[in-house]
Every structure is written in structure tokens, then in C-alpha cells.
Amino acid sequence: MKFNQVIFSAFFSAFFATTTVASDNLSKLQNMQRTDATFTKISQEGERADALKDILQFINLPSGFEISLYAVVPDARSMAMAPQGTVLFVGTRKDKVWSVVDRDRNRIADEVKDFAPSITFDIPNGPCFSPDGFLYVAERNRVLVFPAAEFFFESPDIAVGEVVSQGNLIPEEEESFNHSARVCDIGPDGKLYISLGQPHNVQPVDKLELYDRIGIGGIIRMNTDGSDREVYTHGVRNSVGQDFNPVTGELWWTDNQVDGMGDDIPPGELNRQTVAGQHFGFPWTNSRVEIPMYKEVPRPEGITFVEPQLELTAHAADLGMRFYHDDSYPERYHGGIFWAQHGSWNRTTPVGARVMFTALDADGNAVGAEVFADGWLNEATGEYRGRPMDIEFLPDGSMLISDDFAGAIWRIAYSPANQ
Amino acid sequence: MKLMYLLGGLMLAGYLEVGAADLTTGRLVAGMCQTCHGINGFAPIPIAPHIGGEPQSYIKNQLMAYKNSERDHEMMTIIATSLSIQQIEDVAAWYASHTATARLPSEVSEADAPSACISCHGVEGISLVEDAPNLAGEVNIYLATQLKAFRSGKRQHEIMTDIAAELSDDEIRDIANWYANTLLKIERPQ
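Quick mapping for you: the protein sequence lines, in order, are chains A and B. For the first sequence, counting from 1, position 406 maps to 406 in this note's numbering; every step adds exactly one. For the second sequence, counting from 1, position 101 maps to 101 in this note's numbering; every step adds exactly one.
It should be emphasised that the hints constitute simulated quantities derived from the structure, not laboratory data. The reader is advised that the hints may include incorrect statements.
Cross-link-like lysine to aspartate or glutamate pairs, in silico, DMTMM-like; alpha carbons within 20 Å at most [unchecked claim]:
no.: 1; chain 1: A; residue 1: K207; chain 2: B; residue 2: D170
no.: 2; chain 1: A; residue 1: K113; chain 2: A; residue 2: E392
no.: 3; chain 1: B; residue 1: K154; chain 2: B; residue 2: E166
no.: 4; chain 1: B; residue 1: K148; chain 2: A; residue 2: D259
no.: 5; chain 1: B; residue 1: K148; chain 2: A; residue 2: D122
no.: 6; chain 1: B; residue 1: K67; chain 2: B; residue 2: D170
no.: 7; chain 1: A; residue 1: K41; chain 2: A; residue 2: E154
no.: 8; chain 1: A; residue 1: K191; chain 2: A; residue 2: D263
no.: 9; chain 1: B; residue 1: K154; chain 2: A; residue 2: E154
no.: 10; chain 1: B; residue 1: K154; chain 2: A; residue 2: E174
no.: 11; chain 1: A; residue 1: K191; chain 2: A; residue 2: E154
no.: 12; chain 1: A; residue 1: K295; chain 2: A; residue 2: E150
no.: 13; chain 1: B; residue 1: K60; chain 2: B; residue 2: E107
no.: 14; chain 1: A; residue 1: K41; chain 2: B; residue 2: E107
no.: 15; chain 1: A; residue 1: K207; chain 2: B; residue 2: E158
no.: 16; chain 1: B; residue 1: K148; chain 2: A; residue 2: E174
no.: 17; chain 1: A; residue 1: K41; chain 2: A; residue 2: E150
no.: 18; chain 1: B; residue 1: K185; chain 2: A; residue 2: E154
no.: 19; chain 1: B; residue 1: K67; chain 2: A; residue 2: D259
no.: 20; chain 1: B; residue 1: K185; chain 2: B; residue 2: D170
no.: 21; chain 1: A; residue 1: K53; chain 2: A; residue 2: D102
no.: 22; chain 1: B; residue 1: K154; chain 2: A; residue 2: D206
no.: 23; chain 1: A; residue 1: K207; chain 2: A; residue 2: E173
no.: 24; chain 1: A; residue 1: K28; chain 2: B; residue 2: D170
no.: 25; chain 1: A; residue 1: K207; chain 2: A; residue 2: E172
no.: 26; chain 1: B; residue 1: K148; chain 2: A; residue 2: E173
no.: 27; chain 1: B; residue 1: K60; chain 2: B; residue 2: E158
no.: 28; chain 1: B; residue 1: K154; chain 2: A; residue 2: D132
no.: 29; chain 1: A; residue 1: K113; chain 2: A; residue 2: D102
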């Protein structure tokens, strides 16, 4: 294993030799040098785990499903399951990516530790895998790649390359802490798709051209070596969830709507993109609601805004989404979309903090949103017990839900015997 | 003379329309803040700072700065604009009524505290002056983002603008890590 790793590192450090050398340990790692980094491990037992298990009694599920605590993972955000199903990688809005392992396959994680502790991460919210096992991590303003992360995560020093070097995803002066949680995916074309939220509530008019050119308030795509970057999606406010329909290869994504227009508008969005370069309306519209600040600003010429597939409860914060392409859930869920509603932050009556589902019809359109799991919001007090953020699936087809409020990953399995 | 007194009295009365801060109301207003900052001011999410036990005038001044568009944030601008000056007084009093204490983790030495910061923010990140926030236990990325905003001019302050102007990215990261590593405790008022 050690020997393999050296060979592997040698290959990849040569492969990535042309990338810009960053500060911190990146250059050391690219030159196969050791760092003195050590792991932070998260205890999976004790008070914290017990407090999380107490939340389970409040969660409502369709008949035949059961929920359990899969792992204690602080600040758990977007998730990526390794292709062989051995390790789950979990991003955060802080400076850690977590690796989560269930060695004995009893569907409860037994080891959670930080991934690549030798690397100084900066809002590494979005991990994603290519089918051949390259782990990409989209940060606030950099994209890293870890070849065969699934096999080499046990070492604090690991082969790494820069797909987009620090400061080149967006101009540095546009960096913010908000709307800076990226998500990524590898498309059916083998390209890397990355969401870039725009950092304002509504961007100032003088930012329009710059943002549209770079893809801020959009989704960009590029080759996995960072070349041929282009804006794939225009007119997004802040998307933190995307997935490709495994049947058609179309990109679907969620979006978060403008604040300050009232409790009940604009509606949340689930979008279906059929062609590169489509425009989804923002900042002129959110769903079909016009944004007042842009009423007098001319719309881009010759472009029809694509309307969302579903208009969702306003301010519920629709985030991570995944198509269901396994088979352990009942047939009505096959090929449909599950997504997490994080929950509102300033709505008079809080809404969200639940898992939603829609089936697709024969034309590949969303049928309608239904609640799949809820109870993370204490409706009596308006306080959150947890806030679902992203959806991923274990190889057995059961669902994992990340929760950055509770600091947990929940698992929902179908086991009709327990009805 | 009489007239001047009268005018002065009227102006004073107008100014004092904002009543004394009320903790009970402040707690209710804090319901709008709790998803991000916690009801006691210990923030459960990394993009928001801990505000429990911060100087009352600091909290009030920041909310007023958002309300008057002197400071801009995609969430805070909306919240602060919707608050009355009385609500700002009350919610600032609520959070300020908490007690924030901090200690250094055992493995660090006080001598390594960032010298440019400690005269206002303290070694442990508990504010020593009315116009400075606590920094203890904030997420390092939050602190670094604020320092970079001062450095770029996005956020302005008569003292912080000059201090941040001199800092490199590495120095900013070191300062942010120092305060992020301190252990913050916030207690409710008795």
C-alpha cells in the first residue's frame, strides 16, 4: 500500500506539476514531502451521540421507513460517497472535510476524522467524486482534486492537485462568507460542474456584467484539469444543490430566493436544465416573481427565462438534492428526486427543516413536491432540533441526510418488517 | 431664555422617544436572531458571530450601521432595516446582559497572542473597550473574512482599517486561528 501510494503520488505530482504552487502544505504534498499534520477524530459515543439519538423520536416518516443516527459529524454539509462505497466525504462551511467510515458495515459509522489535515481548507463545502474515484473539493475560491481518495484517506499526507488555484474561481474582492458554499458534480460529459452563489441578497446593477461573465450567480463547468471553463447556467441566485438525471443526463438544481420581500414570496425553486447556457431569470425574477430593484433594468436581449419545475414554500431554503437510482426504497420513489429543506432563518413562522420528494412523469418533468421526512423543527417553539442540508445514498440504497445544525448524519432505511 | 428652555425640552423629548432598553422585549426580538446567533448569543452556524455578552453599544452601533447602510450584509441589512430603534435598543440589551468568558487552550502560551489586537480585543478575545467586539471562539474563516473586508475597504473603521491594511494573508490567518482556538462560554443573566 505504502509503495503504491508513492508511485501514485509520483505520477500525480508530475501530472499536476504545471499547477500554481500555493502556500501552506500544498507544495510539500505535491513534492511528496511529509508534513507534521495529525488527525482530529470525532467520538461516536457519549453525551453528544445520546443527545442526537433523542431527536429521532420527533422525526415523522412514511410507513415502513425508519431513521437512525449514522454518524456524529460537526458542521456536516454536502456529502460525496466514494464509488466503492467504503468512505463518505463530508464538507463544512469551516475548514474541515470529514471522512466517515463504517468498517463493520452495520450501517453506523465507527470512525469520523478530518480528511487531509495537512491542507488548510477554506469553506470546503462541496465534495464530489468522478466515477473513476477522483475526489474534487470545491472551496470558496479554489478547487482541489485528490486522486483515489477512497484508498489514501488514511494518511494525513495525500496526493493533491489544484483544478482551480486559490483566487481563480472568483475575483478575490468578491469573496464573502455568505453564499460561498459551493457544490460540485461530474456530468455525463465528464466535466466538472460547480455552483457559484452570488454574494448579495440581490446583486448591485453595476456587478451584472462581471458576474454574468464569470458565472457568479450561475453554474460553471470545466474540464477536470480546469481548462475550457464556461458558464453553463445563468440567472441563479444561490444554488447549493444539484444532480444529473441518471436517465437523461439533464442537470437539475435547487435555488434560494430573495429575502426581504415578505414571508410568502418568492417561492423556492427546483429547476431542470435541458441545454447549456439557459437563463433562469435572476436577478430580474425569482420563479415568476419580479425583483423590484430590477424592474427598470433591461433584460438580456433575445432570451426567455426558464421557469422552475416546482415552486416551493417560500424561504424554506431548498439545498442538497439527489436522484434516487437505487432500488431498496419502494418503486414509487425510483427515479425521483429527494432534497433537503434547510429551514427558514427569518420567516415570522419558521418553515422547512425536512426532506422533500418529487416523482418525475413520462416527459421527465417534476410531478409535485411532497414531504418525505419532517420533525426537525419544533413547531411549538419555532426552534430547530436539526437542519437537513444534503442527501446522499449508501450502496444499500438507504438515505443519508447531513445536518449542519445538529452536527449529524441521519440514515433513513426502508424496512417494511418494522411497520 | 424661557423659549430656549422650552425648545430644548421639546428636542430632548423627541430624542427620548426611544425608551429605556427592556430585556423582556429584547428577548422577544432575539427570536428573529436566534436561528443564526442563538437565543443566548452563541451562534450555531459558522457564518454568524457569537454576540452574547458583547458590549451593548457595540451591538447597537452595528445594527444601526446596517440599518443606515453604512455596513452591508445580505441578511443583516434586511433584518436591521425592519427593526425599530427601540427594538435595536432592546435586543442589544438582551444580548449584552449575558456574560461572555473565554480561556486559552492549555497548549498555547499567552506570549504568542497577536500583539496588534490584544489592547482592544484582549488576549482571550473578550473585548476591553466599548467599540470592540469579542472575538473569542469565532470561526477562523469568519474572522479572516472580516479582516480582509477591513483591508479591502469593504468594511470601514477608524482603527481597524489601518491595522488590517498592514496585514498579509498569512498574518490574518494566524490572528484568526488564535482567537478561533480560544474557548468561549456564554451565560444567561440571573
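Status of the hints after comparison with the structure:
| no. | hint | verdict |
| --- | --- | --- |
| 1 | A:K207 / B:D170 | violated, 29 Å |
| 2 | A:K113 / A:E392 | holds, 19 Å |
| 3 | B:K154 / B:E166 | holds, 16 Å |
| 4 | B:K148 / A:D259 | violated, 26 Å |
| 5 | B:K148 / A:D122 | holds, 14 Å |
| 6 | B:K67 / B:D170 | violated, 33 Å |
| 7 | A:K41 / A:E154 | holds, 12 Å |
| 8 | A:K191 / A:D263 | violated, 38 Å |
| 9 | B:K154 / A:E154 | violated, 41 Å |
| 10 | B:K154 / A:E174 | holds, 10 Å |
| 11 | A:K191 / A:E154 | violated, 28 Å |
| 12 | A:K295 / A:E150 | violated, 49 Å |
| 13 | B:K60 / B:E107 | violated, 36 Å |
| 14 | A:K41 / B:E107 | holds, 18 Å |
| 15 | A:K207 / B:E158 | violated, 27 Å |
| 16 | B:K148 / A:E174 | holds, 11 Å |
| 17 | A:K41 / A:E150 | holds, 18 Å |
| 18 | B:K185 / A:E154 | violated, 34 Å |
| 19 | B:K67 / A:D259 | holds, 15 Å |
| 20 | B:K185 / B:D170 | violated, 28 Å |
| 21 | A:K53 / A:D102 | holds, 18 Å |
| 22 | B:K154 / A:D206 | holds, 16 Å |
| 23 | A:K207 / A:E173 | holds, 12 Å |
| 24 | A:K28 / B:D170 | holds, 17 Å |
| 25 | A:K207 / A:E172 | holds, 14 Å |
| 26 | B:K148 / A:E173 | holds, 9 Å |
| 27 | B:K60 / B:E158 | holds, 18 Å |
| 28 | B:K154 / A:D132 | violated, 42 Å |
| 29 | A:K113 / A:D102 | holds, 12 Å |
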